[in-house]
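**Student:** Quick mapping for you: the protein sequence lines, in order, are chains X and U. Just so we're aligned: 60 in the working numbering is position 60 of the first sequence, and the numbers increase by one with no gaps anywhere. Just so we're aligned: 252 in the working numbering is position 21 of the second sequence, and the numbers increase by one with no gaps anywhere.
Calculated from the structure, these hints are not laboratory results. None of the values given here were measured: they were computed from a predicted structure. Where a beta carbon is used, it is the ideal one built from N, C-alpha and C, also for glycine. Don't take each hint at face value.
[Said to hold, decoys possible] What the simulated footprint calls covered on chain U by chain X, stretch by stretch (three residues with Cβ under 8 Å from a Cβ of chain X suffice, anywhere in the stretch; the number is not a length):
1) 338-344
2) 369-380
[To be verified] Not everything, but these chain U residues come out facing chain X in the computed CB check (under 10 Å):
3) F332
4) V347
5) L361
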Amino acid sequence: MPKRDRGARARASAPASTWRQRRAVEVALAADRAPLELLPRLPPRSIALCLGLAILLLAPWPGYGRLFGPPFCAFGNAVIVVVGAGGDSAPRFSTRPRDSTATPDAGATDWTVWLAARSGDGPSRPSLPLETRILGYTPLALSLALTLSFAVSWRRKLRMLGIGLALLLMRLAIAIALPVSRAFSPHPAAPGPVSELVWYVLIDLPAMSYVAPLFAWWIAFAATRDGSAES
Amino acid sequence: MSRWSRDLRRARLRFAAAFIAVGGLLLALYSFPYSEHGMPEVGFAWYLGAYARVAGAVIHLADPTLRVSGADLVGRTSLTIAKNCDAMDVNLLLIAAMIAFPAPWKRRLVGIVASVGLLSVVNVLRIVTLYQINIHAPRAFEFIHAEVFPLAMVALAVGAFGLWSRWSRQAELAPGETPAHAEA
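Bound conformation, chain X alone (with noise of 0.2 Å):
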């Protein structure tokens, strides 16, 4: 017999919305109070699984790094590419400094990947290196953690992954374009007030990396729908 998923057990035994959830939510807004399902409810299972999930993947596995690497570096060319970052200094990422002058030893871990300049007429920089974990990692393991564990079907699970990934990868599109196009621009200047704002805010403050998962979070929950039944 076909397993049910949890998403269609939740549409059967919910009933469907009548007048009186309606008014409930009319007059709760109105009253500017919290209607009774604003926020999902997380029953212990799903918080205990979302925490050792988190555990599990934000753990200093040996190699972890190293595995991902390479797809951040793909994603930043990617960006560099799309957004002309850098200009004729063409920069790009890679799992190994370019030149001699940078020592892999030199404080890198298996989270450091490299930018360097491919070409262009500017002056010789040695490679950059870039520390993905917080940045990059930290933040998609969190989201993969927090969707995964949440009490809803496979299918909503799926969409809500991608909305969330989708977020999370424009905030380190932003994360990488701003300073690829500070480094390597051809009259160096200092920043707007804008762009300095949107960095400090946006990327750097350390409790944005594990804030901006929890909000791509809501926004695809809140963005989603598991048939008639709302979580």
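Put chain U on the given structure of chain X with help from the hints.
**Tutor:** Frame of chain X, contents of chain U only:
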């Protein structure tokens, strides 16, 4: 999609939009690149120095050699309280979430005061713990400082928000108020 679902979805997205607006504004005020010798930077230096003195007073119980100089803690090891060491980013985002959540202002104020107080106490304990880790397990310092504690602070803030929103919702249903507003 039923009208009920649509309204609820809009309410959730409205909460997200309000969170972005309020949180963005508060974080922009905090992170704005102020001029180096202007009043805001002088105020920040004083504030971080005060934070260092509070943390230093606790650390001093275990390490009598500790001295506080400006925002620097110097004893068996040294720590500097920098701009983000005050967990202000977590505090501001929690305040933004409470302001964005539909609730009366009185309950919002109670939640903000209680949770900012809690986070500040935990943050002082975080600094004290980091000082001890830097003495006894310096190799673990970076991982705990950059990964474990930020995640723990955010998790604590999320937990505080969850408890506050539940309390706020239950207060709506308390006797004396019309339950019809919440459950009709």
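**Student:** Can you list which hints this structure breaks, lowest number first?
**Tutor:** 1, 4, 5
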